[in-house]
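Peer 1: Letter by letter, the chains look like this.
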Amino acid sequence: MTAQADLEQRPTEELTVREAIREALREELERDEDVYLMGEDVGVMGGVLEVTGDLYEQFGEERVRDTPIAEAGFMGAATGAAATGTRPVVEIMFSDFMGVCMEQVMNQTAKMRYMFGGKTEMPVTVRTTEGGGMGAASQHSGTVHAWIAHFPGLKAVAPGTAASAKGLIKTAIRSDDPVFVFENKMIYEQSGDVPTDEDFTVPLGEASVEREGEDVTVVATQRMVGESLGVAEELAGDVSIEVVDPRSLYPLDTDTIVDSVEKTGRLVVADESPVSYGVHAEVATRVMENAFYSLDAPIQRVGTPDTHMPFSTPLEQEVLPDAEGVRAAIERIA
Amino acid sequence: MLLIRESEENTKNHFADGNIPGFVHLYIGEEAVGVGACAALDPDDWIASTHRGHGHCIAKGLDPELMWAELFGKRDGYCNGKGGSMHIADVEAGMLGANGIVGAGPGLATGAALTLDYKGIDDQVALSFFGDGAVAQGQVHEAVNLAATWDLPAIFLVENNQYGEGTPVDKQHNVENLSDTAGAYDIPGVTVDGMDITAVNEAVAEARERAVNGEGPTFIEADTYRYRGHYEGDEQVYRDQKEVERMRERDPIESFRNRLIDRGELTEEEFETIQTEVEEEIADAVAYAQKADAPAPEEAYEDMFAETPPEIQQFATQAMPDGGHGGESR
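If you read the sequences in order, they're chains Z and D. With numbering that gives the first Met the number 0 as the guide, the letters of the first sequence map in order to residues 0 to 333. With numbering that gives the first Met the number 0 as the guide, the letters of the second sequence map in order to residues 0 to 329.
To be clear, the hints were calculated from the coordinates, so they are not data collected in a lab. There's no promise every hint is true.
[As the list claims (entries may be wrong)] Below, in silico cross-link-like pairs of lysine-lysine (DSS-like), each with a Cα-Cα straight-line distance of 27 Å or less:
#, chain 1, residue 1, chain 2, residue 2
1, D, K73, D, K11
2, D, K290, D, K118
3, D, K241, D, K73
4, Z, K118, D, K73
5, Z, K118, D, K170
6, D, K118, D, K170
7, D, K241, Z, K118
8, D, K290, D, K73
The structure presented is a predicted model; accordingly, all values stated were derived computationally and were not measured.
Please model the entire structure based on the sequences and the hints provided.
Peer 2: In structure tokens, the structure reads:
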């Protein structure tokens, strides 16, 4: 079933990605008293990109906690809190700041359950923003989700639509594992139909077919989902394109991707992270391992060309992957 | 203290004999800190430990049998053989783990204190042990600042054993006493004689009282000394063994024993009886651990997540009986 067909069976409302995330947080705060938010300016300011909005007014300072600007301190504290019986939801304002707390993430959050022989839970959710496109330059525009998807002991999701944003956040908060939610900041204003059902969740490791097609599979994440759907629409009639949003990067839904490539024989992977050693390589490898003989053309990668995100608009537009890049990749193989 | 000393002497010997893989960092000489501190805590209180954690485990009441099983990498160990010396933990007993990262404990203890505060549990505290070396780590200061700013029921206890690995404390820090750093967070900071179990115990008891009364964290420095190297095998080129001999004259066990005897609260015979009991307990623990089963190779794939993803499951199904791994392809 396509994601759209699934949505058509549920009562929905139209929300932006930003609103969908906020509603997911609101519902989970209402549902479970052990859940609370913490991060820089998530409270009184409502989040620097306005995602947490009015939650502070509704839930108060104990449950929507403004922290010092100290990612290592509050990521360490969230890890200790998760191991002792609460369910913190941490916001790292920009994913570039993950660098400040990678010790806690990689050596504590990721490893405690395993090192302790499975005798602790680690129900921590980390939300962070990624992506270029607003002239925020190299330290506020990074896309680092491949680090987390690569690192054992962590789960990583990266929504491309408002519905999946809501469903994934809720699943992340309910999970007893550490789940990192990578929100592309350029799609916060993108609208979509979102189920109003408070029990609507998106399971980890379940991709969605956002558009069915016959000729080329585009596996696209985050902002590239919308860009790819636009290209598919433009090329309709000439090339029939199937757009698959993995939604969850680790675990990754190999079956849905492989089924699609077995049908189309052609694959483009569109993800904003740097192209080398990352998401593109992982998707490509799983297809090579499972659908090698179905491939009719070389796999194409669309991503950031191994540069940082530059400041000046013409430079940023040069390296930022977009619809044009997806279209060029399709035209090379279709 | 005797139990820790006996266990650590055995650890030293078994490591030298090649029975314990990896690295070990012994607590010999520092026993008064762990025992004095844990004696001031309630069983439900949390502690976060360090790479030099064996003493904290015993002081917190962990079972030497399961601890020794972990040191030997056995399935029955506290961590099912996945942690070893540097990661022994028992969350059920309030022990949030030894830790291989210098300075990681204070963040975890602050988190445990956050849980207590958030849930309105006002009769428990979280204490972090960390070394003098850790006081130079940024994350320690971030954790103390957070706990102080939020008035969390935390206790930060520096075991100043005079050396951060192989570098003396005065070459790593500008302050005279490490407890001076507490001033930056407007919380009490005290330095006590870490070779004196009573001094440590009183300082922690006072800090605990403050914490449960909602008065926030305390920063305690316990001046102590490790008799062995940073790790077993450390040639200790950075210090003169005469210094070690001088410090041994202030041995925390000897001095406490003598004090009790002087006060008529202990006889030589009673001490010998305790010593014999301790030797038997550790001998039994070692024997238990030696006989315990090693984990099966496929157990390497367990305990990664609450819900194991297919990525790991596929490797688990390929695990080889001889311990060869099955991760060649998906």
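Peer 1: With reference to the structure, classify each hint as holding or not holding.
Peer 2: Here is how each hint holds up against the structure:
no.: 1; hint: K73(D) x K11(D); result: 18 Å, holds
no.: 2; hint: K290(D) x K118(D); result: 42 Å, violated
no.: 3; hint: K241(D) x K73(D); result: 39 Å, violated
no.: 4; hint: K118(Z) x K73(D); result: 15 Å, holds
no.: 5; hint: K118(Z) x K170(D); result: 39 Å, violated
no.: 6; hint: K118(D) x K170(D); result: 42 Å, violated
no.: 7; hint: K241(D) x K118(Z); result: 44 Å, violated
no.: 8; hint: K290(D) x K73(D); result: 9 Å, holds
The structure shown violates the earlier hints numbered 2, 3, 5, 6, 7.
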